[in-house]
Amino acid sequence: MSTSVMVEQEAGHIRPFNLRNIKRTDLWLAACVVALAVIGILVLYSANRSVSSGTNFYLKQAAFFVGGCGVALFLCCFDHRFLVSLGPVVFTVCCGLLVAVLVVGAEVKGGQRWLHFGPFGFQPSEYTKLAVVLMLAWYFTAIGRKIERLGYFLLAFVIGGIPAILIFKEPDLGTAATLGPITVAMLYVAGCKRWHLLAVVLTGLAAAPIAWTQLEDYQRTRVMTIMDPGADPQGSGYHTIQSMITVGSGGLRGKGYLDGTQTYLSYLPEHHTDFIFSLLAEEFGFVGGVTVLGLFMLVFLRGLQFARNSVDMTGSYLAVGVVTLLAFHVFVNIAITIGMMPVTGLPLPFLSYGGSFYLTTMTSIGILFSINARRGMFDRLDRSRNPSRYRWV
Amino acid sequence: MDSERKDTYAGLDRRIQSVALVLAGAAVVLSLRLWDLQVNHGAEYRGKSDQNRLRIQRLEAPRGTIYGQRDGIADVVLADNRPVHDLMFVPADCDIDPRVVCDRLERILGIDAGRLMEEIAAAEAVRQPHKQILIRRDVPISASARIDEYAYALPGVFTVVRPMRRYAYGRTAGQLIGYLGEINPQELQKRTDRYRMGDLIGRSGIERLYEETLHGTEGKMLVTRYAVGVPQIRTDPYGRPRVENLVDSYGHDLRVEEAILRPISGGDIYVTLDIGVQAKAEELLEGEEGAIAMLNADTGAVLALASSPGYDPSIFVARSGNNERLKVLRDKPNRMLHRAYQERYAPGSIFKIVLAIAALEEGVIDTSTTHYCPGKFRITPNGRPWHCWKRSGHGTIGVVNALAFSCDVFFYNVGLKLGVDKIHEWALRLGLGDVTGLDMPLEITGLIPSRQWKEDLLRPKHPKEPWEYRWYPGDTVNLSIGQGAASVTPLQIAVLMSAIVNGGHRVRPVLNRESAVSRSDAVVTPDTLAIIREGLLKCVEKGPPAPTGTGHAAYIEGTMVIGKTASAQNVSLAHQEQYGDEENIPKGIRDHAWFVAGVLDREPRIALCILVEHGHHGSSAAAPLAKELIDYFYSSRAAASVKLARGPESPAQ
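Top line first, the protein sequences correspond to chains A and B. Going by this note's numbering, the first residue of the first sequence is number 1, and it counts up by one from there. Going by this note's numbering, the first residue of the second sequence is number 1001, and it counts up by one from there.
Careful: at least some of the hints might be erroneous.
Unchecked claim - Derived BS3-like pairs: lysine-lysine, alpha-carbon spacing no greater than 30 Å straight-line:
hint	chain 1	residue 1	chain 2	residue 2
1	B	1461	B	1422
2	A	255	B	1220
3	B	1376	B	1190
4	B	1587	B	1542
5	B	1390	B	1376
6	A	255	B	1048
Rather than coming from a laboratory, the hints here were simulated on the basis of the structure. Keep in mind that this is a model prediction, so the values were computed, not measured.
Next up, chain A with everything else stripped away, as it sits in the complex (with noise of 0.2 Å):
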């Protein structure tokens, strides 16, 4: 796509850090991003007149925003080389946070998620999903066409299993869950034989009775109530059934802004963070749920888009990796608010209030900002001039 072919630097000299990247930020995903951002704080402002406590979410939503964009444009300035260069330290402080959580965290509605420092508290795994991104893109990087061999192969689930193992442990299904799809389509862009894919999903097909008896109670009975909703309408059905009937009741147009009841009147529970989508749909319809599911299209297209065009296969993995991390929370989270998957914490990038998750959202955008500022630097064909992975020189 690109035509012009400008060695800025020789092999293994690159610049971790360009401010000129701001200048070539594609616009494209940006005006996506305002616009799902935009929608976001619009569709808050409508939760938060339920919520008689002063909080203004909705202004909250706005400045973590702000905060995002810049974290976004401070991350496009990166050399992407240089961020994936960080996978294996990254990774491995998350592991242990992760470890001192199982040890020493703060319990919170029956998980062990939280780490407090001082007035700080995080979850360290909110964090583990992009490490483990670095980490694999770090991982396929460093050995290149040898993914072919199974033992290579492999050691790419313990990278993701690590970590899935330790969220799990929390316990926390929806985070854990999402490190299967990164790693799995990573690892089939980098270029894996696609039997020893296969063989693995079969084979964690075949485990999936196994992993049944690991369940918590409370899970599997979110896991029976996708299945008939209706059993127990006031208990574990609840969730779902609200849910499906603040968006079916929105109809083809919605019932209008500021004009949902379900939601207003309190039926719908945690309708800011994760069941926001409903709130949307209620409100706007089918025509803004498919709309707002348009938009996020767009942004995974773009990114993509950035995957083919990168001119290192660094920025591929990376690429493919944040988009299935962002793709995986939005299509999970809209299929629990309408009843296709059982109840699980994933938050929808961009609507549900949350600066944690606000954050990672920002990072992947800058992410994929930074791999698509490199596109033009070197002809594509040009890939074997330019080093995929960065020296510490």
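Fit chain B to the given chain A structure using the hints.
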């Protein structure tokens, strides 16, 4: 061109495209599901969401009023509803420090500010600042007025008005009117359509019998409904719910979605009871256990139906005072029992009226028939003696004097001549030993013994010994003076007297003005009636010149009062005699005192029956009460009608 480097490979683009395809596929699946939910099933879910959104807020209906009469003036309120002002506080409406308001309330009303502050803190802790916190239930009007006066200093304080049952005459006629109690879960299951948990339901008397009428039809108001929170309804001074600015306990706006359906007050009940006479009757029985029944002899309308001791139904209305309620429910002697139709007594000498009617009608005796009374009576020359109450004997006596002076021996003879079957037949025909048909719950039958009854009772116990269950002439002798197994209610005796007063018609006593008046064809011929009336008139007459009858204490100058006394034994004579002088007999084993009276020449003609438990002699314990009650009845009516003719002196009571 070094594109063959190991770190890339030919299939990369295709693989990325596959990933894109998978994502697009997922998006399509989700879109289809959304279409299915929102467009195909949109209407269905819209309905469910509307169901979620609206709730029916119930508006309680006031209970119907019970009207009676007072001294002949109709439509006097016996039970109605008064507005109760409950003082409430809503923290969200208080723009100053609630502590200040609490302190001011403490000064004005003397409430406990600390406790109120705790409740306010509790409501705020669960984020329900709009919850109406009850400061005080049922504040007096004066306190309510003071609160209004200081409204500027008491932001957030207001009154909510609700209807509460009021019994205008307190304990007077308490047992007849009945009381209310909270509906229990079993009853609720049977009638979910009109009742909710916590509703009051009639538990006895008129309140219970006419529950269907008195209980109103609830109103409805469709309001937005929240998943949490309780609607906080405020009322205007008349207790009607206010529609504007409705909130629930969390402060959510409750928009009224539809015109409200006003509650329909329960239907009214009009009873024939004369509360003035009733109060007089209860006053007369004060301190005694007993009953008075007074009927309009021509229609059967109940004018007074008193029972002592009684209770005040108001205590069942108040929320507090549970101990008081339990005390009333468990008190001895039983306060809940209406002794005029829920308790039975041996009729004693009053039964002689039945015997006289039966004998005259059956032609067993006539006015010329006489018997000699030596003071005692034997069936066989050497058998056991039955005494006359007058040990010295009445001498030769006919039916008129036998009634007037209550000669036992005369009626022993008459009873034996008649036989038990005739006596039983006539007693039933005159309304004894069976329910009178009074329109009140739980009336009892009483009992008039018969051959069949004795056999049914005793044969199972002694199947091989016929002498145990055979009816003996001695049983007939006992029955002849209303002793033995015979038992009746005072109301039945009043019905018997009505027949004598009204020309032989058996009436059905009714309390409800709308109940059908039923009156049988004459069961007694005028000739017989004339004889009976003569005897009963003589009973009340005061000598000299005429000899004094047993009921002379009920004699009223210028009024034709007929009457009959009775002293019904309830333990064996021997048991009483061990105490020697009758004044020494303990109260619990003294005879019951009866007096039954009728008024023949005044309008309306009345029949009344008085029973004083263990009153000893009808002549001394019951007859004077009859005189007072009859006096009161006619004089109060006359006074009231004079008052009416002049116009009321003061505003209605």
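We went through each hint and held it up to the structure:
1. B/1461 - B/1422: Judged against 30 Å, a Cα distance of about 27 Å means the pair holds.
2. A/255 - B/1220: 27 Å, holds
3. B/1376 - B/1190: Given that 30 Å is the threshold and the Cα spacing comes to 61 Å, the pair is violated.
4. B/1587 - B/1542: 29 Å, holds
5. B/1390 - B/1376: 9 Å, holds
6. A/255 - B/1048: 14 Å, holds
Hint 3 from the list above is the single one not met by this structure.
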